[in-house]
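Listed below, chain by chain, are the residues.
There are 2 protein chains.
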Amino acid sequence: MNNININIAGLGNVGSYLIKYIENNTSSLEKKLNKKIIISGICAKNKNKKRIFSIKNYQWFDDPIEMINESKPDLFIELMGYEKGISYDSIKHSLNNDINVISANKALIAHHGNELIDIADNNKLAFLFEAAVAGGIPIVKSIKDLMVGNNFYKISAILNGTTNYILSNMTEKNIDYKEALEDAQKKGYVESNPDLDIMGLDSAHKISILSSLAFKCKILKFDNIYTEGISKINKHDIEFARQLNYVIKLLSVAKIKDNKLVIFVRPIMLNDKSQLAQVNDVLNGIQIYSQELGEIFFEGKGAGGEPTTNSIISDIIEYNSKKSFSSLGIDFKSLRICDNLSIDNEYSSYYIRMEVADKPGVLANITSLLKDNNISIETLIQNPQNKQNISDYIPLVFTTHETYFKNMNECIKKISLLEAIKNTPIIIQIEK
Amino acid sequence: MNNININIAGLGNVGSYLIKYIENNTSSLEKKLNKKIIISGICAKNKNKKRIFSIKNYQWFDDPIEMINESKPDLFIELMGYEKGISYDSIKHSLNNDINVISANKALIAHHGNELIDIADNNKLAFLFEAAVAGGIPIVKSIKDLMVGNNFYKISAILNGTTNYILSNMTEKNIDYKEALEDAQKKGYVESNPDLDIMGLDSAHKISILSSLAFKCKILKFDNIYTEGISKINKHDIEFARQLNYVIKLLSVAKIKDNKLVIFVRPIMLNDKSQLAQVNDVLNGIQIYSQELGEIFFEGKGAGGEPTTNSIISDIIEYNSKKSFSSLGIDFKSLRICDNLSIDNEYSSYYIRMEVADKPGVLANITSLLKDNNISIETLIQNPQNKQNISDYIPLVFTTHETYFKNMNECIKKISLLEAIKNTPIIIQIEK
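Order-wise, the sequence lines are chains A and B. Mind the numbering: the first sequence is residues 198 to 629 in the working numbering, read in order. Mind the numbering: the second sequence is residues 198 to 629 in the working numbering, read in order.
Just so you know, not all the hints are guaranteed correct.
Same chains, same names: a pair is fine if it fits in one copy or spans any two.
[Claimed, not checked] 25 Å max Cα-Cα, derived BS3-like pairs, lysine-lysine:
id	residue 1	residue 2
1	K568	K619
2	K452	K228
3	K520	K233
4	K321	K519
5	K418	K246
6	K415	K228
7	K610	K244
8	K370	K383
9	K452	K470
10	K233	K269
11	K383	K530
12	K233	K519
13	K233	K530
14	K228	K457
15	K556	K383
16	K556	K269
No lab work stands behind these hints, which were simulated from the structure alone.
With the hints as extra help, turn the sequences into a complete structure.
Following this line, the structure appears as structure tokens:
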């Protein structure tokens with residue numbers, strides 16, 4: 198029986214679980230692969246950290262490039278997760294030296310994917326990253342190989358488990374953002390750099406990769422992705438949404454409009470009967486639309502040692518079973534470059550919440566500015582509980598009929614300048 | 198550029214759409230395959246039927262085996278759909294003559310899959326059937342290749358679009374079974390032999406294939422699958438379910454219990470908040486559970502020319518890209534034989550509806566039989582609308598606490614013998 202010689206760089210939760218999994222499932226993996234997996238080198242920042250497997254059973258390296266050069270693996274598995282630095286250097290080094298690569302690193306692919314994929318495709322090497330998006334859902338390969346006969350035009354997805362956990366918790370327990378964040382931190386769901394999750398960057402990395410796969414285009418320059426986080430959402434927004442039969446989710450959206458790519462991450466109010474609205478806790482959900490299939494929906498765990506390992510194993514199987522590779526489904530050189538269309542062109546209804554001085558004439562001033570911008574109010578909501586607060590400011594909440602985001606935004610900017618307005622108003626897109 | 202030489206047998210909706218699709222997408226298919234698809238032979242029962250493509254562009258054969266012998270294709274695509282007969286003969290002939298096979302034929306695979314897969318695996322040929330289960334959802338390959346690192350233990354799925362359309366329609370429009378069936382027939386959703394759908398056989402074929410893939414076992418003898426259709430469900434059941442916050446769906450369930458396989462198709466009352474309860478109209482939904490991933494959920498179109506073609510195209514891509522094949526994910530000889538555990542062992546709550554004579558003492562007789570069988574009533578429901586009917590019989594509806602199906606069934610048989618009972622009572626399993 199032949200061997201597959203692999204190197205693993207990065208031994209955090211995922212890397213360690215992967216090794217444990219390979220140790221515990223030797224015979225079923227051999228049955229599937231018709232080959233033995235040999236881990237010929239491991240490498241991480243900290244050798245002495247307590248891990249769920251014994252590092253003594255493997256050859257340790259301090260530097261991944263030294264490891265690659267010395268053990269010359271068939272497959273280099275990158276789980277260090279840096280956006281550039283040693284993650285980028287070691288993957289590039291592998292691909293330039295005839296070594297196939299598996300990575301779970303969405304930030305790196307979103308920022309430097311085009312360069313690395315070009316090298317991989319050019320050198321006819323596997324560069325696989327099922328684990329980079331929605332750990333437990335086989336979405337990368339589904340789009341890349343299983344739903345190829347499709348003209349996709351839209352993806353709408355919940356791609357970050359942490360923010361989904363926070364929003365679900367706020368919705369279920371009627372607690373405020375800060376409390377839900379602390380609970381998520383206690384449970385270990387928040388990365389050391391919480392901004393990646395909270396600000397929507399992690400979601401943006403993932404939707405960038407999915408859009409490229411689905412629309413068969415090169416990866417969009419990352420700065421072109423409009424990204425908005427969840428930290429401004431409070432429990433009143435959640436409650437107002439509930440009254441209107443909506444649920445607030447941090448949605449990653451990519452779609453083709455006028456042959457251009459619109460791509461953004463932002464909190465959105467979804468119809469509470471929709472499939473995505475039922476995706477709760479740390480789960481991920483992906484809705485993808487094609488002319489041929491209509492709507493297809495996937496839901497499952499998005500992160501964690503076990504789901505991510507599942508994706509890495511499926512990459513090892515893909516590497517072993519395929520005759521040829523193209524990282525994004527077709528040869529990189531055949532992919533088109535998609536122009537970006539700004540979110541300003543989004544035509545939608547919006548939910549607006551602002552704190553206004555409890556004085557005569559304020560509402561008239563606001564509605565007159567809305568009228569000047571051709572924005573009509575659909576529902577005006579008052580929160581009776583808040584009226585009892587002893588405060589000079591009361592919340593004013595309303596939803597609008599459809600308008601362009603640019604128009605909405607500009608109008609809200611003008612409203613913000615009114616003396617009666619405290620803080621910047623909150624705008625949340627409504628998907629009906 | 199090399200060619201892939203294919204034969205297509207069966208030119209109904211799917212076969213015709215497949216040819217049209219290949220004609221319309223030549224260049225994108227070539228880009229993906231790095232090969233040209235050549236259709237070297239077509240064959241169907243009726244040459245003169247009006248079709249969406251011109252048969253003049255292809256070599257016509259009346260007999261698939263003659264076609265295979267004469268044009269010696271790389272790939273034989275079987276879309277005739279007979280449970281045995283010429284479907285079986287032509288596939289077996291292909292596999293015995295070094296020709297790879299794609300089929301959408303769930304009935305054939307459920308009944309004769311073991312024999313054909315053994316030949317295919319033995320001869321190292323591709324025998325692919327993504328299109329046999331849930332047309333637009335890439336579930337076969339997802340289980341076979343993408344979620345291999347998993348120990349699956351349960352599948353719960355809606356696998357038949359026609360019955361789901363009928364039940365959804367009954368639920369939405371508050372109409373009776375007969376009216377919903379006629380509507381489905383008018384829309385062309387019902388096969389020429391409606392029993393396959395209505396009686397749950399089509400669903401049973403599909404869950405049989407999925408269970409074999411997920412649990413890595415040979416295909417179970419078809420008679421061992423307990424199958425119950427939807428024709429006994431009436432609008433009162435739908436309405437009672439609604440009152441109890443349930444939705445009735447025709448569910449296909451396969452699970453491992455005590456290392457044995459429990460597999461059945463029957464109407465089930467589902468919590469109306471569950472993902473499967475949201476799967477409406479002709480859509481299919483599949484919930485699959487593994488120790489590693491927890492619950493994963495897929496939803497999409499289950500049938501029709503476009504979704505099924507999508508699956509066949511993904512099979513052509515798999516045939517073209519893989520180095521070796523095993524139809525059920527690992528070599529047939531390595532698959533275990535799973536013993537069957539009867540549905541009698543299902544431990545669950547039940548919904549019971551019966552027509553009883555409006556006389557004193559009837560309820561006492563029924564409850565006393567229930568008590569003798571250790572079955573306790575959870576909710577007793579009366580339908581006030583029906584009480585106004587001028588009839589000697591009134592409906593008696595109740596739900597029970599959990600008990601074994603065998604016990605429930607035996608008790609209901611005894612109750613049926615009471616003089617006061619009209620017709621056989623309806624039993625519907627409740628999944629909480």
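Cross-check of the supplied hints:
1. K568 / K619: Answer is within: at 21 Å inside a copy they meet the 25 Å cutoff, but 67 Å across does not.
2. K452 / K228: between (41 Å within a copy, 23 Å between copies)
3. K520 / K233: both (19 Å within a copy, 17 Å between copies)
4. K321 / K519: So K321 and K519 pass the 25 Å test inside a copy (11 Å) and across (15 Å) alike.
5. K418 / K246: Neither: 37 Å inside a copy, 52 Å across copies.
6. K415 / K228: between (37 Å within a copy, 16 Å between copies)
7. K610 / K244: neither (53 Å within a copy, 68 Å between copies)
8. K370 / K383: within (16 Å within a copy, 47 Å between copies)
9. K452 / K470: within (22 Å within a copy, 29 Å between copies)
10. K233 / K269: within (16 Å within a copy, 37 Å between copies)
11. K383 / K530: neither (46 Å within a copy, 48 Å between copies)
12. K233 / K519: For K233 and K519, the Cα distance is within 25 Å both inside one copy (17 Å) and across copies (19 Å).
13. K233 / K530: between (34 Å within a copy, 19 Å between copies)
14. K228 / K457: For K228 and K457, the Cα distance is within 25 Å only across copies (22 Å; inside one copy 45 Å).
15. K556 / K383: neither (43 Å within a copy, 62 Å between copies)
16. K556 / K269: neither (74 Å within a copy, 86 Å between copies)
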